[in-house]
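All residue numbers for the sequence shown refer to full-length UniProt numbering, where the first residue is 1 and numbers rise by one.
Incorrect hints may appear among the rest.
Claimed, not checked - Below, simulated EDC-like cross-link-like pairs (lysine to aspartate or glutamate); rule was C-alpha separation at most 16 Å, straight line:
hint, residue 1, residue 2
1, K233, D134
2, K233, D100
3, K43, E167
4, K194, D66
5, K40, D202
To be clear, the hints were calculated from the coordinates, so they are not data collected in a lab.
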Amino acid sequence: MKKFVNDSLSKKSKQVTENTRCGVFKEYIADLSVTSPTAKAVKIIFGLMIFQQLTGIDAVIYYTVDIFNEAGTSLSSSVCAIIVGILQLISTYIPSLIVDRAGRRILLILSELGMAVSLLVLSLHFTMQNNHVDVSWAGWIPLIAVNTFIIAFSIGFGPLPWLIMAELLSTEAKVWVSSMAACLNWSLTFAVTKLFPIVNRDFGPAVTYGGFCFVCILGTAFVIYFVPETQGKSREDIQLELIGK
Numbered sequence: 001m002k003k004f005v006n007d008s009l010s011k012k013s014k015q016v017t018e019n020t021r022c023g024v025f026k027e028y029i030a031d032l033s034v035t036s037p038t039a040k041a042v043k044i045i046f047g048l049m050i051f052q053q054l055t056g057i058d059a060v061i062y063y064t065v066d067i068f069n070e071a072g073t074s075l076s077s078s079v080c081a082i083i084v085g086i087l088q089l090i091s092t093y094i095p096s097l098i099v100d101r102a103g104r105r106i107l108l109i110l111s112e113l114g115m116a117v118s119l120l121v122l123s124l125h126f127t128m129q130n131n132h133v134d135v136s137w138a139g140w141i142p143l144i145a146v147n148t149f150i151i152a153f154s155i156g157f158g159p160l161p162w163l164i165m166a167e168l169l170s171t172e173a174k175v176w177v178s179s180m181a182a183c184l185n186w187s188l189t190f191a192v193t194k195l196f197p198i199v200n201r202d203f204g205p206a207v208t209y210g211g212f213c214f215v216c217i218l219g220t221a222f223v224i225y226f227v228p229e230t231q232g233k234s235r236e237d238i239q240l241e242l243i244g245k
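Starting from the given sequences, assemble the full structure and let the hints guide the process.
Okay, structure coming up:
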């Protein structure tokens, strides 16, 4: 009799567990329906992660010394790399001071435009160098361009995609969406850093940085047309805005 009761309880427990799993799975499917706020949030978040990495930020950081060697800067490449590292450290504190005053969208837009201009300057510098134009007088320009690029990234597209992800998602969706977004982000980091030296070798730095510049312009348009402002809004207001988009 005792064994029969235990077997019955065990079967019921398994059935409850299976029903719970099915219920959770159905909730995930419902969350991913085309018109749901979660699906729209996922598109925005993944878009931000893609544009964050395709700006070439990790390639620039990993290959800083090589960039300055190719550009022929007036300072030594190692000194330039140290300056970039110091500015990157300092600039990471800027968003925490201004993000709640300026808003998320404006910082993202300024960040992309700042990076686009910096990359365009680098591309033009290498174009003149490839065309045998004397750029020895402008050895300081690559240093300014790279530092501006790092600062622009740090005030917007560095930290804000992660903040916006937390604000756009419902509590139920945060765990699995944030895991997928992190996986996408690191996959793109790996791809960009691996492909950068190959593209740089085959097409030259002028084309490489020109390509990154074009991505930044596309990223600006993406923010303008698809990313909502989340500053000062409750999660309910944000969800309603996503439904209305």
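message = Would the hint linking K233 and D100 be met if the CA-CA limit is 16 Å?
response = holds, 11 Å
ask   = Holds or violated: are the alpha carbons of K233 and D134 at most 16 Å from each other?
value = Judged against 16 Å, a Cα distance of about 53 Å means the pair is violated.
inquiry  = What's the verdict on K194 and D66, does the C-alpha distance respect the 16 Å limit or exceed it?
reply    = holds, 15 Å
task = Compare the distance between the alpha carbons of K43 and E167 with 16 Å, and conclude whether the hinted pair is satisfied.
result = holds, 14 Å
inquiry  = Does D202 sit within 16 Å of K40, going by the straight-line distance between their CA atoms?
reply    = Distance of about 38 Å is beyond 16 Å: violated.
In this structure, the earlier hints numbered 1 and 5 are contradicted, and the remaining ones agree with it.
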